[in-house]
Amino acid sequence: MSTHKPTPGLKYLTGYPAETLQQVAAVTQQGRLGNLLRQKYPKIHDIRTDKQLYNYTIDFKNQYLSKAQPLNRVVYDAKIKVIQHALGQHHFITRVHGKKTKAVNEIKIASLFRTVPDEFLKMITVHELAHFREKEHNKKFYQLCRHMEPNYHQYEFDLRLYLTHLDLFGEVYGNMGIG
Numbered sequence: 229m230s231t232h233k234p235t236p237g238l239k240y241l242t243g244y245p246a247e248t249l250q251q252v253a254a255v256t257q258q259g260r261l262g263n264l265l266r267q268k269y270p271k272i273h274d275i276r277t278d279k280q281l282y283n284y285t286i287d288f289k290n291q292y293l294s295k296a297q298p299l300n301r302v303v304y305d306a307k308i309k310v311i312q313h314a315l316g317q318h319h320f321i322t323r324v325h326g327k328k329t330k331a332v333n334e335i336k337i338a339s340l341f342r343t344v345p346d347e348f349l350k351m352i353t354v355h356e357l358a359h360f361r362e363k364e365h366n367k368k369f370y371q372l373c374r375h376m377e378p379n380y381h382q383y384e385f386d387l388r389l390y391l392t393h394l395d396l397f398g399e400v401y402g403n404m405g406i407g
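Under the numbering used here, the first residue of the sequence shown carries the number 229, and numbering increases by one thereafter.
Bear in mind the hints are in silico, worked out from the structure with no lab data behind them. Cβ coordinates follow ideal geometry from the N, Cα and C atoms, glycine included. Any given hint might turn out to be false.
To be verified - Per label pair, the in silico range of CB-to-CB distance:
1) Gln257 to Asn366: 27 to 37 Å
2) Thr242 to Asn366: 12 to 22 Å
3) Lys295 to Gly259: 47 to 57 Å
Stated by the list, open to error - Taking lysine-lysine and the DSS-like style, the derived pairs with C-alpha atoms no more than 25 Å apart in a straight line are:
4) Lys295 to Lys363
5) Lys295 to Lys328
6) Lys307 to Lys279
7) Lys307 to Lys328
8) Lys363 to Lys350
9) Lys307 to Lys239
10) Lys363 to Lys307
11) Lys350 to Lys295
Construct the complete structure from the given sequences, taking the supplied hints into account.
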């Protein structure tokens, strides 16, 4: 399987096989990508507030990483630019207070993910939580991602398709569920 640089507009799919890129380019040129995504993922999640996002993330952490360090904060962040290939960020901050040190662990997720299917938010959440155990994107990291979400790789690919559509044509879901 050969890979090459993606055709213009497919920057989120860098590294995928040429055959895959050709299929995506064809569907995109035919204007069918948005419809395919809406058919596969018809509903967007309803996690709108930072508190809801924190509780959503804590549920995953408690289920799969209960012995990992505490998670202090999870927020949507409008400053994260997906164009720079960041969907979310994890921060491990150690602060010194006199003779004591305090570790603060937080996850920030790009605000544009307030209105996407649950599967995409789940993929990003799992990805950022996996960094609690594995700092690098290595084999163990992706094994942990798949342990927490068996469909991790499919959701990641479909999220890249969503970002491609967003980049080329704008919103896939419009203002569904926003109120």
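query = Straight-line Cα separation of Lys307 and Lys279 no greater than 25 Å?
reply = holds (18 Å)
request  = Evaluate the given range 47 to 57 Å for the C-beta pair formed by Lys295 and Gly259.
outcome  = The hint (47 to 57 Å, Cβ to Cβ) holds, given that Lys295 and Gly259 are roughly 48 Å apart.
task = Please work out if Lys350 and Lys295 have their alpha carbons no farther apart than 25 Å.
result = holds (20 Å)
ask   = Does the Cβ distance between Thr242 and Asn366 fall inside 12 to 22 Å?
value = holds (19 Å)
query = When you check the alpha-carbon spacing of Lys295 and Lys328, does it fall within 25 Å?
reply = holds (22 Å)
Hint consistency between Lys363 and Lys307 [alpha-carbon to alpha-carbon, up to 25 Å] = Between Lys363 and Lys307 the Cα gap is close to 22 Å, so the pair holds against 25 Å.
message = What's the verdict on Lys307 and Lys328, does the C-alpha distance respect the 25 Å limit or exceed it?
response = violated (31 Å)
message = Need the status of pair Lys307, Lys239: alpha-carbon distance at most 25 Å?
response = Roughly 20 Å between the alpha carbons, so the hint for Lys307 and Lys239 holds.
query = Between Gln257 and Asn366, does the C-beta distance stay in 27 to 37 Å?
reply = holds (36 Å)
task = Decide if the proposed pair is consistent with the structure: Lys295 and Lys363, CA atoms, cutoff 25 Å inclusive.
result = It holds: about 16 Å lies between the C-alpha atoms, which stays within 25 Å.
key: 25 Å limit on alpha-carbon distance, applied to hinted pair Lys363 and Lys350   = Roughly 19 Å between the alpha carbons, so the hint for Lys363 and Lys350 holds.
In summary, the structure is inconsistent with hint 7 from the numbered list given earlier, while agreeing with all the others.
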